[in-house]
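Take the given structure of chain U and dock chain P to it, following the hints.
The residues making up each chain are set out below.
2 protein chains.
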Amino acid sequence: MPQDALIELQTPCLVLDRSKLRRNISSLQQKLATLGVTLRPHGKTAKSIDVMRLALQGQAGGVTVSTLKEAEYYFENGIVDLIYAVGVAPNKLPRIAALIHRGAQISLILDSLEQAKMVANHGREQGLTFSVLIEIDCDGHRSGLSIDDPALLLVARYLHQAQGVRLGGVLTHAGGSYSCTSTKQIANFALQERDAAVSAAATLRAADLPCDVVSIGSTPTATFAEDLRGVTEVRAGVFMFQDLVMVGLGVCEASDVAMSVLTSVIGHQKERGFIISDAGWMALSRDRGTASQVLDQGYGLVCNAAGEAQNDLIVSAANQEHGMISSRSGQAITWEKYPIGTLLRILPNHACATSAMFERYFVVDGCAQIADVWPRINGW
Amino acid sequence: MPQDALIELQTPCLVLDRSKLRRNISSLQQKLATLGVTLRPHGKTAKSIDVMRLALQGQAGGVTVSTLKEAEYYFENGIVDLIYAVGVAPNKLPRIAALIHRGAQISLILDSLEQAKMVANHGREQGLTFSVLIEIDCDGHRSGLSIDDPALLLVARYLHQAQGVRLGGVLTHAGGSYSCTSTKQIANFALQERDAAVSAAATLRAADLPCDVVSIGSTPTATFAEDLRGVTEVRAGVFMFQDLVMVGLGVCEASDVAMSVLTSVIGHQKERGFIISDAGWMALSRDRGTASQVLDQGYGLVCNAAGEAQNDLIVSAANQEHGMISSRSGQAITWEKYPIGTLLRILPNHACATSAMFERYFVVDGCAQIADVWPRINGW
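Listed in order, the protein sequences are those of chains U and P. Quick note on the numbering used here: the first sequence kicks off at 1 and runs consecutively. Quick note on the numbering used here: the second sequence kicks off at 1 and runs consecutively.
Same shape as in the complex, but just chain U:
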């Protein structure tokens, strides 16, 4: 009985289905292998060495991180090759230097001469050489230099010539792919992402500058990329867990989502047509990533303890420790199916945001029993 496996847990808590996790990882690894490109999994979603060990299985290589706490944590757990993929601030450099002194091979990213000079100065002060990737903007959604920005060669030349820094290559991220409305559009975004990175690399090489690393990636573009020639590695994180935003993008099915929030029914408001559960926004996060998609999933899609979707029940509203569950289409709720204490599992909009609300994963294999408990880290 599935509920038996989970009945001893305090709600809300985070359940991770390892069988789905393995399938998701294997699927993207195989896809990228056929395109001849290495996967550098992003550690920002799972923030768990146990998950990342599965994601690295069968391949050499390192991981991507979004915080230095992740970098330190993964390094202390044996992962030496790291890219810190957020534009560097000067107050981060001493921690990065400390990691390098301890043996980490960590690359940082930047997109201005101002940053390059700060990094080089700190490298010289510390008597070390920071490996630097230049961030390229491929879709105007956030940071990076445009490929036609004259600063690209200025920064690259500086990094190549200055002491304290080494030019490692280029990196881009098609974050704009999250707004696509068709898988064809995502495939085009993947081309655009690749072209931006490969073109920036060509610009550098044409100027006799080195560009060993040509790093791209996002879960949507990695999933639908058709040709990655010229790219040396793909970064992605969400694909391991998948989530409802990815379902909405056509990246996966709801049955692929490996992560869910276990919650208990704590009340019924029959006249107003909602069940109250103990997974509010503190458990689900405030992420409303599906609000702008065709199918708005509220704060999450409601499944029973076995992980089966319950008609069109969603968490339609959330307070700190209360989740209001109602039918998206206004169908009557079969109240007797959900007595007080019933365990439900909520599939999240956004795996990175929801998992960040928890300190550990309760690992199941298709829900037969709690197979393991995996800690995760949060903070900076």
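Treat the hints with care, as some may be off.
Copies of the same chain look alike in the list, so a pair counts if it works inside one copy or between any two.
The calculated SDA-like cross-link candidates involving lysine to any residue, where the alpha carbons are at most 20 Å apart (straight line), are [stated by the list, open to error]:
#1 K117 with A151
#2 K31 with L154
#3 K117 with R95
#4 K69 with Q192
#5 K69 with R376
The set of hints was computed from the structure by calculation and includes no laboratory data.
Same frame as chain U, but now just chain P:
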């Protein structure tokens, strides 16, 4: 120099201005004292014993909690009198019983006969008596029994007569007050909240049932209540820190907000008119509570390191570790004021949600120096 006080911190991190915290606490305490009602501060915002000690100064009494982890934490730090103000689930009862066995005076809340019977059964099994408040719905926003629901007396009679439970009183929360558009409307909501609780208490007493506790509260209604006769205590949490949602409601000014996220500038996108900082939604939370108010503050209002608002700069978009800062009105940014590494402080939409992203507070007194570091708890 204010920035000197904060320059040694890793960004993003959470800064708490103790002078503002003290002023906010003192202000609501004085207000409630004039109305003759006790404040039972809600521990769900700060999740910090250091903050709650300040909030309890000058008065006897206990606290409110939203999770059993808070209850255990505050109890272990010497606070015995607790209300767990979220409708109880059966899997929570063993932990509540354990607290009672250790000496806690903890009340729980419920709004159905089904729950009352579960609680009583567990109390008898454990050989103890659970103190129970009946949750009243005063505004239709979430949980609780309406005052005219026949179940109110059914549940009350059951709690009074059954072994294993004791009827402590009634509790309500005007969560709907967060949607008010004027302070006059909030004052009316405060009357409505009081009237619901007092009327439910009268119903119980008219049936010869005890009702010692008549508990109401929310930060907006507590701030604008004009008459709380019949109420025994007011619960509120956000008032200690205040936040931009409270500014939008007229509860406070932006200069009263005691909590901010310290962040570093990590990039400039001059053509697109935004500064990039290292406080993304992982630091600020995904809360967009001001989106439905007259003045949408994005993901937060941007101040300099001294806490002074920077014209109309807000965090207009957020990725996991990137906050995009732009001018609400589209004014040109004075780029030279914000070189890479500049420290900024972001006032949050919602104090509960933003503080939950952090493990500690860096305490300042008007920003002269880091006066203390206070841990906070998260999770369940």
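Results of checking the hints against the structure:
1. K117 with A151: Classified as within; 13 Å inside a copy, 71 Å across copies.
2. K31 with L154: neither (36 Å within a copy, 61 Å between copies)
3. K117 with R95: within (18 Å within a copy, 56 Å between copies)
4. K69 with Q192: neither (32 Å within a copy, 48 Å between copies)
5. K69 with R376: For K69 and R376, both the intra-copy (11 Å) and inter-copy (18 Å) Cα distances are at most 20 Å.
Of the numbered hints stated above, those contradicted by the structure are hints 2 and 4, listed in ascending order.
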